[in-house]
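Number of protein chains: 4
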Amino acid sequence: MQIGLIGLGKMGGFMRDRIVAAGHEVVGYDTNPQVSDVATVQDLVTALTPPRVVWLMVPAGRITQSLVDELGGLLDKGDLVIDGGNSKFTDDAVHAEELGKKGIEFVDCGVSGGVWGKTEGYGLMAGGSDENIARVMPIFDALRPEGPRDEGFVHAGDVGAGHYVKMVHNGIEYGMMQAYAEGYELLEAKEIVKDVPAAFKAWTRGTVVRSWLQELMADALAKDATLEGIEGFVNDSGEGRWTVQEAVEYGVPMPVISSALYQRFFSRQGTASPAMKAVAALRNEFGGHEVTKKGEKPIVTDH
Amino acid sequence: MQIGLIGLGKMGGFMRDRIVAAGHEVVGYDTNPQVSDVATVQDLVTALTPPRVVWLMVPAGRITQSLVDELGGLLDKGDLVIDGGNSKFTDDAVHAEELGKKGIEFVDCGVSGGVWGKTEGYGLMAGGSDENIARVMPIFDALRPEGPRDEGFVHAGDVGAGHYVKMVHNGIEYGMMQAYAEGYELLEAKEIVKDVPAAFKAWTRGTVVRSWLQELMADALAKDATLEGIEGFVNDSGEGRWTVQEAVEYGVPMPVISSALYQRFFSRQGTASPAMKAVAALRNEFGGHEVTKKGEKPIVTDH
Amino acid sequence: MQIGLIGLGKMGGFMRDRIVAAGHEVVGYDTNPQVSDVATVQDLVTALTPPRVVWLMVPAGRITQSLVDELGGLLDKGDLVIDGGNSKFTDDAVHAEELGKKGIEFVDCGVSGGVWGKTEGYGLMAGGSDENIARVMPIFDALRPEGPRDEGFVHAGDVGAGHYVKMVHNGIEYGMMQAYAEGYELLEAKEIVKDVPAAFKAWTRGTVVRSWLQELMADALAKDATLEGIEGFVNDSGEGRWTVQEAVEYGVPMPVISSALYQRFFSRQGTASPAMKAVAALRNEFGGHEVTKKGEKPIVTDH
Amino acid sequence: MQIGLIGLGKMGGFMRDRIVAAGHEVVGYDTNPQVSDVATVQDLVTALTPPRVVWLMVPAGRITQSLVDELGGLLDKGDLVIDGGNSKFTDDAVHAEELGKKGIEFVDCGVSGGVWGKTEGYGLMAGGSDENIARVMPIFDALRPEGPRDEGFVHAGDVGAGHYVKMVHNGIEYGMMQAYAEGYELLEAKEIVKDVPAAFKAWTRGTVVRSWLQELMADALAKDATLEGIEGFVNDSGEGRWTVQEAVEYGVPMPVISSALYQRFFSRQGTASPAMKAVAALRNEFGGHEVTKKGEKPIVTDH
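Protein chains in written order, with my numbering: chain A, 1 to 303; chain B, 1 to 303; chain C, 1 to 303; chain D, 1 to 303.
One chain only, chain A, in its complex shape (with noise of 0.2 Å):
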């Protein structure tokens, strides 16, 4: 079939090879003219014969709400836009009505992979109604690990229940990492402990922890086996702070997830922490514990 894909990132672009691979026809744009096929969304509109498919692979929010705007505009009754990109779940119903006053139906998609979907293929969670999920089943199976359908796809749900399953395995992912990297730094500060990276490594079979992240993790300590060259900074990307809100949403607890994201939190304020800020001159009130004063070397006292 033939598809329009909006972003030709290092997903997106992946992703075009993949689906032009399995046969299919792909009209690209992205604002990088080196990578782009056609020099405007309205060039990428003219050039697909109706009744369209148009998949934007695009960062979430401002981006996507501009192109949903624009392809309003744009595309006729009976057309489709697949929104692939890390879309907050509350965003699909309203981008669905939006381009649905048009007539033009929606679907959304979490792809889960990263650089690595191009070889192994993207594992593929979509929300929207019957007939738009089969319409554009022929891009998921190219986009999706081969295998058995149901093992790297899932039709969630109607609109938004795609991202939705996206934001919570990526909350899981969160939590995993979390739970690998704590174990390595207690490894790493145990001295009867010899060889670090070769533990992760023989975790890869056999073991209840083995996994994709796992195999991963041996890969970084082996080009790196104290990981020294990197700093212990990490952003996030949105979805596991959705996990958390809608958890407390919810009333469902959520220890495991939201203690990786406050990590994550913490990761990027250091010693500018206002809360252990605020517990140092707390500490200093009532103990005249010393406090250290702003470009002073920290002293790291025996307990």
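No lab work stands behind these hints: they were computed from the structure.
Glycine included, each C-beta is placed from N, C-alpha and C at the ideal position.
Wrong hints could be hidden among the right ones.
[As the list claims (entries may be wrong)] Simulated DEER-style distance windows between Cβ atoms:
{"no.": "1", "chain 1": "C", "residue 1": "K293", "chain 2": "A", "residue 2": "A93", "range": "37 to 43 Å"}
{"no.": "2", "chain 1": "C", "residue 1": "P148", "chain 2": "D", "residue 2": "G61", "range": "40 to 46 Å"}
{"no.": "3", "chain 1": "C", "residue 1": "E131", "chain 2": "D", "residue 2": "E228", "range": "30 to 36 Å"}
{"no.": "4", "chain 1": "A", "residue 1": "E146", "chain 2": "C", "residue 2": "K297", "range": "43 to 49 Å"}
{"no.": "5", "chain 1": "C", "residue 1": "K293", "chain 2": "B", "residue 2": "G100", "range": "29 to 35 Å"}
{"no.": "6", "chain 1": "B", "residue 1": "Q34", "chain 2": "D", "residue 2": "I63", "range": "55 to 61 Å"}
{"no.": "7", "chain 1": "C", "residue 1": "G61", "chain 2": "D", "residue 2": "K293", "range": "46 to 52 Å"}
{"no.": "8", "chain 1": "C", "residue 1": "D130", "chain 2": "D", "residue 2": "K223", "range": "25 to 31 Å"}
{"no.": "9", "chain 1": "C", "residue 1": "K10", "chain 2": "D", "residue 2": "E228", "range": "39 to 45 Å"}
{"no.": "10", "chain 1": "D", "residue 1": "D150", "chain 2": "C", "residue 2": "K10", "range": "29 to 35 Å"}
{"no.": "11", "chain 1": "C", "residue 1": "K10", "chain 2": "D", "residue 2": "G78", "range": "56 to 62 Å"}
{"no.": "12", "chain 1": "B", "residue 1": "P148", "chain 2": "D", "residue 2": "I63", "range": "38 to 44 Å"}
Given the coordinates of chain A, work out where chains B, C and D should sit on it, guided by the hints.
Just chains B, C and D, lined up with the frame of chain A:
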């Protein structure tokens, strides 16, 4: 080679099968005469040709200790004992010293894989001298999964290092399980997600969270989509506790693994939780908030 | 001065007493005719001399909204409404705008102190314009505890700031209560500690942890030393949730307050916790660990 | 009565003043000759009339142990040693046994209050036999705050119980401080809150969160409204660690106090955190996410 194996329960029995299948000779002892090759530990020692290798696969603590004591009196200089149970790493030094006084060698080995190990092989984490590890290597090779040795086996350091790595492995396992569980609960709570088992199944390929535990979660949900037949009551087996205590000892922040451990503790308390009784009592003191008296059915108020 | 007070429940009733005791005139309305001075909100508005001041002391959400709507139709330009309930701070802007369209002023005020406020005075956190705050100050002075004004009252900022500070106050309260509760549970568990109620009593003077909540904890334990008459089941009232959601929105690490909130959620689930069912199911999948079937009595195994 | 006091630092010195002010005789020893009454521990023992009472107010661990050893050699049967330092409760049994072999009595006493104790009195938590506690009671009465004895002193149980209650007290203190600190950080982050120091000040009377720590927080913010002169770097002194380790030992869920402890650990790591390096490395492996190389300035991306 020839090996004595003490403990032929679920784990030990399967391990015997796997070692025998690799062409080695196993003399097994168990308190259950139906699975035991010999009548007593003394008989097992007699049946082995010196220098002997004896693998313990029994519960950590008292039972392991009494067998170490007994073997200390029966084995000869140059014999070797491997503790493959879930012993605390601090026990290993004690056992090595006790046996060492009699010239008996000691190796500790954490064994992962549960009931699946028989077919898939066991993840092995060993501690001890190079000579002793080399001596037991044929058995390690029989037990570990097929594939490169370093993907299913690690010689982690001297005595104790094997159980230490296994302890941390189990701590990570707690964190991962809780991460999946929290994600499951949120998906289950969200109305727009129509098929939670299918979501877990779909994460099997291509996603960042794919893992053996994730596949097991998909299997469990395939059998009972809402887990309605199961009580949310979870025991812990010691390694999670030791992991957290070690982290605290070494000043390693471990919020995720600790949270996972605490949820297990809490799952066993329910409304008998002294802490939550205290919070309920406090709310009553300052706000006249309703307290649920013993035997009353609690009322969940809108918030 | 003269004030209309809507909501004469436990909080509102005591507040009326305190305002009257300070020499002001209160016209009170409640749906309960036994405590109400007037028959309807319309009657209350009629009974007040313009420019009127009306204090709402009713449940947040739907009830507050409907009263704002009703007052918007009854009050005149230059009248002033104070929302003293536990409204979410985002509601304040909505209410201020809705009333503002008719020239009616708005102030929000968080009120702390519970049933003790009648005698001890209420901690007040207000948001609004300088003019509006000054206009209500005689009432604030009547409600707040004796002593310097700035030790029991804050004008925290413009509309919404009062409820925001109160929201954070309640979040902190959750954390403090849980801290005492965790300490209580550990003291209770430890055999060598012979008199836990006496320990809490002894913390009343001289210690770092002394506080009003600690005194209430001592009171509660004086009545029921092991809290055996109380179920460990705790509701939450919204502010804790909003605090955590705000923290996540702003990238503020909030592990303590989140944990306290989650323990409340969890206290209401018991063995019906979907997450802990999932952990139990997972353990069964990989290890053949015992699962407690619905209706069975769980067995706590030695670890 | 007469008492020997070893350790005349910030705590010990103030305690001497308070004991003397109550009419008792103190013979003080310190390694600093400027504050010491005698030249050696031997001289202190000689200066006291048997049966002697000697109060240790020195750092826990090595220093306390060496003084117990020394006093064991110098004191006579029927003398009594009180350890008022922050010793671990497990040390108490060891010290009691060591001294007991020579007929020397032992009492442990946790002392709270910091630099404010001199004027406000110290919160005291004692462990030991009824006879021994009674014997030291005049000193306890001199040190504790004015008011009823049971509001500033507890005889918590036999040897070790005093330090245990103090340990839990400090664990609770960690949790409370972190709760205030998290609330502070959120208030500081929120634009609509115009005066955070005033909010803390206003919580002094009438609110549920009022406490001594809250007053100290208000004091600290009065001096430095944004704590800009302080680094967010916080040491820990042992009791928090022991509290968490005990909780884990006893199966007590302790998420709040653990979180507070971990934030202190983390505050000392900054971007050198091995765990956060691991998370950063993992993100790079699967997603090509930017890793901050050592020495680079991290870029916080929009989410």
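Structure-based check of all given hints:
1. The hint said 37 to 43 Å for the Cβ distance between K293(C) and A93(A), and at roughly 40 Å that hint holds.
2. For the pair P148(C) and G61(D), the supplied restraint of 40 to 46 Å holds, since their beta-carbon distance comes to about 45 Å.
3. Under the hint 30 to 36 Å, the C-beta atoms of E131(C) and E228(D), about 32 Å apart, fit the expected range.
4. The hinted window of 43 to 49 Å between E146(A) and K297(C) holds, with their beta carbons roughly 47 Å apart.
5. Against the hinted window of 29 to 35 Å, the Cβ-Cβ separation of K293(C) and G100(B) comes to about 47 Å, which falls outside the hint.
6. Range check, Q34(B) to I63(D): Cβ separation about 60 Å, and the 55 to 61 Å hint holds.
7. In this structure, G61(C) and K293(D) meet the distance hint of 46 to 52 Å, their C-beta atoms being roughly 50 Å apart.
8. In this structure, D130(C) and K223(D) meet the distance hint of 25 to 31 Å, their C-beta atoms being roughly 26 Å apart.
9. Between K10(C) and E228(D) the C-beta distance comes to about 43 Å, which sits within the given range of 39 to 45 Å.
10. Checking the proposed 29 to 35 Å range against D150(D) and K10(C) shows it holds: the Cβ atoms sit about 31 Å from each other.
11. For K10(C) paired with G78(D), a C-beta distance near 60 Å keeps the hint of 56 to 62 Å intact.
12. Judged by the Cβ atoms, the range 38 to 44 Å given for P148(B) and I63(D) is violated: they are separated by roughly 53 Å.
When the structure is compared with the earlier hints, violations turn up for hints 5, 12 and for no others.
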